[in-house]
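Asker: Protein sequence lines correspond, in order, to chains Z and E.
In terms of my numbering, the first sequence has 251 at position 251, counting the first letter as 1, and numbering is strictly consecutive.
In terms of my numbering, the second sequence has 79 at position 79, counting the first letter as 1, and numbering is strictly consecutive.
Source of the hints: derived by calculation from the structure; they are not laboratory data.
Remember, it's a predicted structure, so these values are computed and weren't measured experimentally.
Among the clues, some could well be false.
Derived lysine-lysine pairs resembling DSS-like cross-links, with alpha carbons at most 30 Å apart [as the list claims (entries may be wrong)]: (1) Z:K204 to E:K113; (2) E:K30 to E:K231; (3) Z:K294 to E:K131; (4) E:K113 to E:K173; (5) Z:K286 to E:K96; (6) E:K114 to E:K173.
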Amino acid sequence: MADQKQAASDKKPASNLAIWLGLADNSFTRQKTVKFGDASAVNSGRGYGIITVAALLLLWWVATAFGWIKPIYWPSFGSVATRLDTLWTDGFRNVALWDHVAISVYRVLSGVFYGALVGIPLGLAMGLSSVARGVFDPVVEFIRPIPPLALIPLIILWFGIDEFAKIFLLFLASLFIMTIAARAGVSSVNISKVHAAYSLGASKWQVLTRVILPNALPEIFTGLRVSMGVCWGTVVAAELVAADRGVGSMIMIAKNFLQTDTVVIGIIIIGIIGFTIEILMRQLEKWLVPWRGKS
Amino acid sequence: MKALNVDDVSMVFTVPGGADVHALENVNLKLEPGELVSVLGPSGCGKTTLLNIVAGFLSPTRGQVFLDDDPVTGPSAERGMVFQQGALFEWMSVEKNVAFGPSVAGKPRAEIKKTVDHLLSVVGLEDFATKPVYQLSGGMQQRVALARCLANDPEVILMDEPLGALDALTREKMQGLVLKLWKETGKTIILITHSVEEALFLGERLIVMAPRPGRIEKEYRLPFAEMGLKKSPRDVKAAPAFIKNREEILSMIWEMEEEIMGRQEAS
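Excised from the complex, chain E in its bound form (with noise of 0.2 Å):
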């Protein structure tokens, strides 16, 4: 595994005939290897705007971003991608969504089945490997979505809201599957969320982004993942620490929404 440097990263946006939008200013973050870290934040802090430039969809402004020593200059099958919906490949069953990764990289077709095999069972879906992904639940989705980026053994996991479009009770069952599957496969993961609960339950470190302009408010570390792959998830989610940390994060975001809110009254 490859540690990642967001190295003081700026992303500015010229609207035509605007103000810039000052998407990120001076962002630095570093992920050791095996680390996996969530990031929160109000809605237009920045937050999808640096998982995109981590993935190389985008060029900052100013900075840079690198996986050990090696700059990031655009899209890479060593920074897979996980979205919230609809980047699955309808015209392909499940089991070639899954081997779209190392079937693009030309490996050979065995070794292609044992790795689609292999990880269809780990996420608990060997019996749809060859059901379109359009006629599966939001949730079996989702799994696929996470089978087919693990297929291609990427050096870090970029994850975009991967269980927003979930409900609540098949979104608490996949956040198991996450822990379980950082745990087995010891990858770096950064998780973008909205969801305070989420962020804390998922996140051995906690960072908390503010908006306009988008940057890093607060960093946390959190001990609720590793107890997470020990207890049930409700226990985790109970427990007075995680209940206090919610809390005060979840007032920090509110009073950061309460000055949007009054900035735009303002003006």
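For reference, chain Z alone in the conformation it holds in the complex (with noise of 0.2 Å):
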């Protein structure tokens, strides 16, 4: 009995390859003895992650090879690879892979650059002064629930469909958020810290950029980072009923050939910019507003 007790507590960690690939218990989550119901007592189970994806690229590769699904459905490996060849030397319709790309981050960077510049300055405003809040408010009350989307046909009534319309539509789609997010940074100050500052003997402008500014910069940030994340759907969305050029006309346009590796192709950069985009901006918020939850 004694000797099995000492067996059980001697028994050997698991190999550092099963703990990696969040198989086995690693040295924290082992000691815990309650783990249903405690999220950091999860391992990470990497190891089935590399199993699903490894399973979806078979599937793929035996379902094209064996025709289960014809090639106007889903293209095999190898039409996507002589497709992204020729993207990549050739381009789609006389203008490159990368342009396509370009233009469409190129259309989401505008659109938010200009909806911050417009939308941090209105919700400083309208956590500050009431006549900022009373005129605004129902504005942005109405418009926010709006889906961008549902803007283009007006846009393009007023504007057409030239870069100016869409950059536009994204600005739109990016300034209510940004309004929303700066009006919250600024209830969001803690009331000490502005008395401290106007005991200090800050003027009001002072207060507004040594303290209210800074401190809802984090706020302002989780503003951006959905913002970009709406104007990419968006100006995939908008390519898709009026452009030549972007991603989002490259596999409309794609479609109506028939090439559905292209669109795959398509579907998969949309996706891995979205992502990187993502991944960039908490990069950035890492960077730049360190203190974030930490007052």
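Fit chain to chain and form the complex, with the hints in mind.
Answerer: This is the structure we're talking about:
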């Protein structure tokens, strides 16, 4: 009995590979007896993730190689690779692949930039002045729940389908997100900080620039991150409707020529860029507002 | 240093759809330059309201506060404030926090640097000057708050439970620091606290406030702050006179709390 106990406590820790794969308990989760309900005791399960991805790729290969699915619905590995090579060297419809991506990213960045440029001061004003709050609150509250895509017909009627129209749509999509983020940033300030600043002799302007604004930065950053995500979704949709360049237009035109492989490549690129934007914004946030959540 | 005069101040909060709350009624309090007065009382006695009025964050319903002959109409750099916690600017380093007052006043850089360096060494944080404040412990953060207030060289320092969020040991050490700073700078200080021991140990005068309506119930003149400058805090707090005062005040506050509870049950 005593030997058994000894053996149990001497149990060898799992191999590093198994721990890395998240299949075995690491030295931290091993100590816990309550695991169901404790999110920090749930292992990453990375191994299962790898298996899932491999299985999906295998399914893709098998399904296309054995003709379970017609190429028009889903292309084979080979045709995607060939198409990617063609797109890379010749571009799509006389526009380089890289340019299709760049124009979409440029539209998003412009939209978010102008949205922030107008939205941040507007949100700050709404958090600081009852006149600004009263004037803009009905407008913001009314337009905010409207999906930006619902505005496309109106914007086409007003501005046509040129570059300005697209950036204006993205500007609207990001404007209200940024306004609400900045306003939330103002109301999140601990009143002690504002009182402290005034007792230290700060003027209203100094309180705004040195206390309210930096205090609102974490919220503003969240707004920027959300804006980027929403605008990326919106730009692709807007390009599906009316554009001759951009990843959205690329997959829409490719569809007309039944180039399913180009469509799939476009979708993957859209996914990768959306993911990259999210990661970059998080890194930027860590770097620029390191005090976030630490007051 | 200027004298502070709280002249017959009353504060009534009107609650929509409820009875008026008399947070303060006819409060009179005079502080001579360089005095350290501690204010004690059960919760709801209006001590924080009183401090906010003196700071200029609230305007009293009746009466006025004067600094020498000038009436208080709003916050100003003459009346510095040390808060319980959460009032540091976490987007700034320790030295930037301390430099805030002189820098918004537009003082020359060299002078600000000198003030900040001096004060950081006084509060023992010279090695932490460039650290962000959120990386500091609670006690260190309050030392930054003290230094930030002193950097402005205010006429009066208002402390709203500055040590309230600290653990017992850190708190005792910080009490020594407050005494030391008071002695070295000769500032006029009002200190609000929940702790009877702290109020007795730090105050030259101790004001006990009572609730409903908030008013000054009793005032003590105390020798312990002077003693604390020479002897160790524990010696002072173990002295029979200290213990006698402590028990007397504790039972007074206890009775007030009982009375409030009784009234709440009756209504």
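Asker: For each hint, tell me whether it holds in the structure or not.
Answerer: Against the structure, the hints come out as follows:
1. Note on K204 (chain Z) and K113 (chain E): the hinted pairing holds, with a Cα-Cα distance of about 25 Å set against a maximum of 30 Å.
2. Taking the CA atoms of K30 (chain E) and K231 (chain E), the gap is near 29 Å; set against the 30 Å cutoff, the hint holds.
3. Taking the CA atoms of K294 (chain Z) and K131 (chain E), the gap is near 14 Å; set against the 30 Å cutoff, the hint holds.
4. With a CA separation close to 27 Å, the supplied pair K113 (chain E) and K173 (chain E) stays within the 30 Å bound.
5. For the hint pairing K286 (chain Z) with K96 (chain E), the CA-to-CA distance comes to about 21 Å; that is within 30 Å, so the pair holds.
6. For the suggested pair K114 (chain E) and K173 (chain E), the alpha carbons sit about 26 Å apart, so the restraint of at most 30 Å is met.
Violated hints: none; the structure is consistent with every hint.
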